[in-house]
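Note that my numbering has the sequence shown beginning at 275, numbered continuously upward.
It is worth saying that the hints were derived from the structure and are not from the lab. All residues carry an ideal CB built from backbone N, CA and C; glycine is no exception. None of the hints are false.
Label-pair ranges, simulated between beta-carbon atoms: (1) 306 - 638: 35 to 43 Å; (2) 447 - 529: 39 to 47 Å; (3) 638 - 364: 52 to 60 Å; (4) 465 - 514: 41 to 49 Å; (5) 510 - 681: 54 to 62 Å; (6) 617 - 545: 30 to 38 Å; (7) 510 - 594: 52 to 60 Å.
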Amino acid sequence: MSFSRNLPFEWLVGLRYTRAGKRSGRNSFISFISAISMAGIGLGVAALIIVLSVYNGFQKEVTARMLSVLGHVEIYQMGGPMTDWRATARAALKNPEVRGAAPFVETQALLAHGGDVLRPAVIRGILPDEEPKVSDVVRQVREGSFADLKPGAFNIVLGVELAKALEVKVGGKVAMALAEGGGLAGGAPGMRTFTVVGIFEAGHNEFDSALAYVHLEDGEQLLRLAGPFGLRLKVRDMQQALDVAQQLKGSMPGELLIRDWSKLNTTWFAAVQTQKHMMFVILTLIIAVAAFNLVATLVMTVTDKQADIAILRTLGASPRSIMKVFMIQGALVGVLGTMLGVAGGVAIALNVDVIVPAIEAVLGVKFLAKDIYFISAVPSDLRWPDVAAIGATAVGLALLATIYPSWWAARVKPADALRYE
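Please put together the full structure from these sequences, using the hints given.
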């Protein structure tokens with residue numbers, strides 16, 4: 275009680291108008307519109323928090339799965355193969371942020387099994403002993419083993435979806451036709467038969483359905499190279515990969531092309547960011563519609579309270595004080611709606627992994643098709659800077675919506691308002 279007595283009179287009147295509207299039968303319609311505005315702001319804020327959290331989770335999950343197969347940084351030798359890759363790896367490992375380095379070759383090919391099934395694939399040549407230093411694919415094997423990739427044996431490890439498409443299992447044979455037209459003496463140009471010695475599952479459909487591994491020396495022989503294409507590096511913090519790549523460009527000798535993981539999938543990451551920004555704009559419009567319902571609410575309140583405004587003016591209240599009264603009333607609706615929306619949105623975003631499966635079970639639907647979205651579960655990654663930005667935007671729009679009605683209230687002339695009272 276003592277706290278409210280110490281408030282400026284603008285706050286006291288604004289708070290009284292906000293509370294009175296809920297108790298007065300005469301103003302029940304105004305209270306209803308005000309409640310709708312508050313609920314609309316809350317729903318818009320909650321929806322925006324949930325959607326952005328899902329977008330963040332989607333990007334984080336797919337990025338993690340991609341980087342379980344890809345390197346954080348790739349280094350290429352300009353003008354030809356990297357014949358002394360070990361020396362280049364030692365130079366890269368001098369950077370304290372670099373945790374591992376492994377050589378690779380890569381090419382496009384067609385894989386066939388039984389003469390009837392033909393599938394395109396990315397063929398990556400690796401050293402099985404070095405690959406665990408830069409990726410998790412060796413630990414993602416479901417059948418067989420990467421250890422069976424022996425030089426000269428022409429064995430191959432397939433992604434699980436690629437193996438299903440080719441209808442081949444461990445121990446089966448696949449024919450490879452290289453897009454570059456390479457090949458070995460004694461066989462048809464560009465053709466070679468490989469034995470399947472392993473099947474891996476990365477959890478990312480793009481890799482599981484179109485990636486295969488061979489031994490580095492077999493890959494070099496197929497492509498008629500004297501060494502690997504380059505090196506793939508793993509860094510301590512993948513978010514710092516760009517900075518590490520810039521450091522390596524300045525510290526490593528020779529003509530090298532160095533790029534981080536974000537440059538390897540630029541189109542995909544740009545598309546996700548664009549969609550996220552567009553979704554923010556679209557859902558902010560929902561908040562704006564709800565916020566501008568406050569205009570109607572305050573206009574009706576000003577019309578109903580003209581006699582009160584006139585009395586306050588005759589008692590010495592300035593037009594600026596009258597503006598404050600109604601801006602406080604509208605701001606309270608905006609702040610309360612935003613708080614409700616933040617609370618609901620954060621609660622749902624933190625429990626998406628429980629809520630979505632329950633909805634899928636009840637409705638008998640699947641929101642994410644694995645072959646389209648790479649992942650089958652709806653992820654969520656709540657980021658507090660996003661929550662702060664959404665809350666500030668909602669409150670800002672609510673304050674913006676109070677300006678015109680408050681300005682109109684400040685222009686009420688006491689004599690005209692009291693003439694018919």
